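Asks: Chain by chain, the residues run as shown.
There are 2 protein chains.
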Amino acid sequence: MESISVGLLGLGTVGSGVVKVIQDHQDKLAHQIGCPVYVKKALVLDVNKERNLDLESGILTANPYDVIQDPEIDIVVEVMGGIESTKEYLVEALKQKKHIVTANKDLMAVHGPELLALASENQCDLFYEASVAGGIPILRSLVDGLSSDRITKMMGIVNGTTNYILTKMSKQGLSFDDVLAEAQRLGFAEADPSSDVDGIDAARKMAILSTLGFSMNVGLGDVKVSGIRQVAEEDLRYCDQLGYTMKLIGYAHRQGEKIEVSVEPTLLENSHPLSAVNDEYNAVYVYGEAVGETMFYGPGAGSLPTATAVVSDLVAIMKNMRLGVNGKSAVIPQFPKKLKDHSEIISKYFLRLHVEDEVGVLANITSIFSKHGVGFEKIMQNPVHEQRLAEVVLVTHQASLEAYENTLVELRDLGPIREVKSSYRVEGGK
Amino acid sequence: MESISVGLLGLGTVGSGVVKVIQDHQDKLAHQIGCPVYVKKALVLDVNKERNLDLESGILTANPYDVIQDPEIDIVVEVMGGIESTKEYLVEALKQKKHIVTANKDLMAVHGPELLALASENQCDLFYEASVAGGIPILRSLVDGLSSDRITKMMGIVNGTTNYILTKMSKQGLSFDDVLAEAQRLGFAEADPSSDVDGIDAARKMAILSTLGFSMNVGLGDVKVSGIRQVAEEDLRYCDQLGYTMKLIGYAHRQGEKIEVSVEPTLLENSHPLSAVNDEYNAVYVYGEAVGETMFYGPGAGSLPTATAVVSDLVAIMKNMRLGVNGKSAVIPQFPKKLKDHSEIISKYFLRLHVEDEVGVLANITSIFSKHGVGFEKIMQNPVHEQRLAEVVLVTHQASLEAYENTLVELRDLGPIREVKSSYRVEGGK
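Line order of the protein sequences matches chains H and S.
Residues 3 to 432 (our numbering) are what the first sequence spells out, left to right.
Residues 3 to 432 (our numbering) are what the second sequence spells out, left to right.
This is chain H alone, in the form it adopts within the complex:
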């Protein structure tokens, strides 16, 4: 090969980073691949927009088919986002025998299996390292680095915006609304932050991680999701007091043939390696039967970090091109998907209640817990100012989600209980 031509679909934050990494690291890339690599075409919305990039004229186009049907383009890099129309472009690109790199977790969480099958059919590679945890090479670590092990648990801080918000709330004692507004001002959160703060973005990434780590086809619909909007300053104060750190944790666990996958605000023991992952950083904790505890830490987003993942995928494809072995690396899931039911999901829980401050309430509460076989690790009661109420905070022992939910239903019916203020999963103990 004399050179390798890349076509970009999208030239926003990540696309610009890809152009820069290819240009700045051309020597290293050429040394590894054996020939130069260059960007031949890039799809943009507005070809006349001013850009801070050193691009030859004629590269920009507003027509996606100029990229995906260009016979000289070997690899299509999809960094435009979107789901349905983007999928159509990639299907066409694969039919044109183009290899694909995508950073699009939304697309992969929804249409991943179908696109990967089509890639194999066409002897094409389709890599998507950048779709999870930005610059952290976590997919490759699961597929290659830990290929010999049986992975039983993955816990991920895979959304930088929510980790930034929770870190600020914890460290500075601020409210969710205040920190979100600040994050939006600084560009760390989008104008419509729903996909981040409601946990959808993290859920998509956990679906991708679970599919690879557990070798089952896990989709977005299999992930139980709750976000961080309801996290109160009081919750974070109790966390601190009890030796926990609140994180939005993607939790994926396998037991026997069954799995559970969730994204929810979780109290992590401070001794857990993920509890020290702060600000906009991401990390994925992986537990394998043989290897034990590992963790992969790094930037989860950003132009250049995400671009390194995209271009590392490009390098992998280009090495495969040189060896003539494209389209052979996808592994078809080994197992049928089986989800745990609520009696099989085991965790500790943190619960904060407002109750009438009267004699015997605590005894009523504890008897409901013991009726459902749920024990406590910690319990405390404090007066609530302004009102004749008490705040009861407790952390349970390990219990099934079913038993815990039944307990909650009965608690909500108990007269003196005014309100269940908050309820979170607790993880990270040995």
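Read the hints as simulated data drawn from the structure, not as lab findings.
Since we're looking at a predicted model, the values are computed, not measured.
Same chains, same label: a pair holds when it works inside one copy or across any pair of copies.
Restricting the straight-line Cα-Cα distance to at most 25 Å, the calculated cross-link-like pairs of lysine to aspartate or glutamate (DMTMM-like) are: (1) Lys330 with Glu4; (2) Lys173 with Glu271; (3) Lys321 with Glu123; (4) Lys170 with Glu295; (5) Lys423 with Asp200; (6) Lys373 with Glu393; (7) Lys260 with Asp29; (8) Lys22 with Glu282; (9) Lys170 with Glu271; (10) Lys155 with Asp29; (11) Lys380 with Glu235; (12) Lys22 with Glu295; (13) Lys173 with Asp242; (14) Lys155 with Asp281.
With chain H fixed as given, assemble chain S onto it according to the hints.
Replies: The following block gives chain S in isolation, referenced to the frame of chain H:
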């Protein structure tokens, strides 16, 4: 291929783990590779020794050539340790066209380039993921996951024994000798702990990491090494007081075309991700120009963790066998090795001195520092009990190693300075 046959050189801690991982995860391995894999021969010292392994009869042999010359064996796994005679076996195995997996950092740090070249010549793979940081897939992350980036800094806690000792000393206020004795009792440190506590083991791993990360042939002789024997309880108390954590850090830094590689006890800012890596755990912090900060954390040793790295290498070789592309993945270093001189090595330093408790001493000390252009970030003086001495502790600003060494020479000559008690590098600030 109907099946793949593996021969083991060595059946100790790691070798037994390899047998177990291959047996326990046979389904997953076969799913990925497309055929079963089994251990055909294993070299041991004593074929009659009782072993807690489920092995067919006839597998054990005391003759290495039964393994390396067996025409049916496809891959030789070297987990016996040793350097010169082990190298001869591997050379012979490569001539017999066997692919190789080794966990032997001593061998790779000394003869790596030569063995890798011989492997390429023979169209054989030679992988050595397990040689650095046990179960953490760090070599693959450098070579594949971060292939597109230009790595400028690597900091590693790559020796579990010394990290265990320093963690215990810090957290429990114990002396080096006491903790070492306890570690030896518990089997965390060897009877002759020199290679670990003097930093040699870590230096070998840093040579391997630097060779891959900087694409230069870095040998053990290029690594400046000092160990942890001289770390005093007082040093750890000051660390704690000043907001640092003491770690044995392998430090590899590239600036322009030049590099420095060292292993030394280092005071890390508590905000640095490596400062929370405790007990026998390992971690490698990697800074890339584009990706920024990443960290890879996990078990650095142990039977099953190290075995997962070995067997993941086996999987990579077996996938290459199926595709017919063995012997093509080694990348020849891109750059000639150039080491920084002491004027180019920049760091902060921690210094602890015992001085005569008399008027003007501090002024003398500070004037020597300023003469060499070395400023302070922190300085404090405390009385030393029993003697009429004062203890002076200081942390410098960034300075060249040359200027710092010249300062030390002059300080040692200063009359009122009784003793330079300790001097350490300080890292981790922004």
